[in-house]
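Student: As a plain string of letters, each chain reads:
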Amino acid sequence: MGGYAIFVWPAYALAALVMIALAVDSFRQLRAQRRALQRLEAAAPPRRRRDAAAGNGDQEP
Amino acid sequence: MHRFANPGRFLRFADRVLPWCAALTVLLLVPGLYLSLFVAPPDYQQGESVRIMYVHVPSAWMALFVYTNIAVASAVALIWRHPLADLAAKASAPLGAGFTFLALATGSLWGKPMWGAWWVWDARLTSVLILFFLYLGHMALMNAFDDPARGRRAAAVLALVGFVNVPIIKFSVDWWSTLHQPASVLRLSGPSIHPDMLWPLLLMATGFTLFYVTLLLVRMKSELIAARVRALTMLSAEQAGPTSQSLT
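Quick note, the sequences are listed as chains A and B, same order. For the first sequence, the numbering used here gives the first residue as 1, with consecutive numbering after it. For the second sequence, the numbering used here gives the first residue as 1, with consecutive numbering after it.
Same shape as in the complex, but just chain B (with noise of 0.2 Å):
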């Protein structure tokens, strides 16, 4: 971890894996998408619309694998002040929350058909539309000030203190009696879902996995480069002497 503190380093290390990134989520999302689309069976009891579960299901993980990381990366941000992780969670949050929006539509457009409601106020999806305010919520902290280390700073124990939502969402089904259905897949029993679904789910679900990786190291390169611009402008802002200086 702290090999990769040096932001150099760091770039050279996106620059060689990011290639491979961007190849692998193509390579694993046109074959899930023509899978979902064509091949998966349809469902006995919800027919053809049991096909927004590969988009909807690999969304909502993302929705929540990439809050876990947000709130990794801002303990590790505020415990070890590791230069990269503030980035690291500042990149990731406009993505996390990309998914959890789409995890929140197209759950919406599944609920209507099968549940008769674009929208019930159950704990699975309040606990998601909350999870989706958290985001908006730490994305406006990191901007919010003049000095970023402050902005970063707060977003990061707002994702520290906001981390208790992912396991109430994970488990909302199980402890509330919900309209969503319980968890076929990530269950201590094994998954209960057929082979014949679960195969393009995981593709789909890989795929979007690379994607978010693929994007994060593209944002995290843009943070770094900006680093060093906003530092290369104070430079020539200082050597062109004081009577010059209008930075805010």
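One chain only, chain A, in its complex shape (with noise of 0.2 Å):
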């Protein structure tokens, strides 16, 4: 890199770490929301589709 390499790799390197910790971040946080999801459903699915048509303010699917 004409001398130069020890500014340019480093340079991609922090990019790549910056956006695939953002990737990794952005996709654990969506696993982990589904995931409290499932089990709020699962705990109690008969009473969320009753109190969903009582227009409680749940968001409609």
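Since the hints were made in silico from the structure, they are not lab data. Beta carbons: idealized from backbone N, C-alpha and C, even for Gly. Hints may contain errors.
Between beta-carbon pairs, the in silico distance windows are [stated by the list, open to error]:
hint	chain 1	residue 1	chain 2	residue 2	range
1	A	L17	B	V17	21 to 31 Å
2	A	E41	B	P195	25 to 35 Å
3	A	A13	B	V164	47 to 57 Å
4	A	L17	B	G241	22 to 32 Å
Reference listing, derived: stretches of chain A covered by chain B, where coverage requires no fewer than 3 residues with Cβ under 8 Å from a Cβ of chain B [as the list claims (entries may be wrong)]:
hint	segment
5	7 to 21
6	33 to 43
Build the complex from these two chains, which are given one at a time in their own frames, with help from the hints.
Tutor: Structure below.
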């Protein structure tokens, strides 16, 4: 790299690091939320349907 | 816009679009990286250090683009109370902060060999540093209140007030005498950069943009599911009766 390798490669490595970290964090959050929702829906599915019909502000699918 | 105020409809749209965005991201970044590192020519003055441009400039463009998105989303949230606009702003902030950090850090790595300095307090660098603090402030405000709606509103106001920084950043290299070079791409008289450098740059910039869109969709899905989780949690607490309520 004409002597500039010590600047160029860390720049690309840093970009990869930050972007991969953002991706991992985003997908991890999504997975955690999905799991939490599954647990809640498994715990009380019939109740959810009844109260959703009652229109208590729950989000409709 | 109001079509997608319905969370369910937005989730279905996101699920359809997400795989394409992710695939396109890879399809753009892989050849972009190859061109940037191995095909694009060295600069006649800067030599191989110019390759830093292919991550530095897309990061900087994304820093400004994402903040603009946050400002627009904040305006939409405040004016029309569009339920997804707040979530788009909240989801975007960490992504924009990451790009701003990258712009600063890769810029430093470029500045040291070219200018002899890791940092100078010139108008471009200083205003981008302020942009970074605005992102952090936005994220802090969003989470600072017990009532999430207050946090969203405070963050939205900050985003709008801080938007003046975006044109300042863009025109800083024209308005002040800066060490940072003037614009070579987004100029009224057209790009002054050679096509052999412009095409890899545009490829990387589009790849970065699709990367942002992909993660934005993922994070908005998380926020929508989190809202449903909160609603269901409150519901089950109500069902259990007043003596068992322990929600903050």
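Student: Determine for every hint whether it applies to the structure shown.
Tutor: Each hint tested on the structure:
1. For L17 of chain A paired with V17 of chain B, a C-beta distance near 27 Å keeps the hint of 21 to 31 Å intact.
2. In this structure the supplied range 25 to 35 Å is violated for E41 of chain A paired with P195 of chain B, their Cβ-Cβ distance being about 54 Å.
3. Under the hint 47 to 57 Å, the C-beta atoms of A13 of chain A and V164 of chain B, about 34 Å apart, miss the expected range.
4. Between L17 of chain A and G241 of chain B the C-beta distance comes to about 49 Å, which lies outside the given range of 22 to 32 Å.
5. Against chain B, the segment 7 to 21 of chain A contributes 10 residues with a C-beta closer than 8 Å to a partner C-beta. That satisfies the three-residue criterion, and the hint holds.
6. Given a C-beta distance limit of less than 8 Å, the hint that chain B covers the segment 33 to 43 of chain A holds, as 7 residues qualify and 3 suffice.
Violated hints, in rising order: 2, 3, 4; the structure is consistent with all others.
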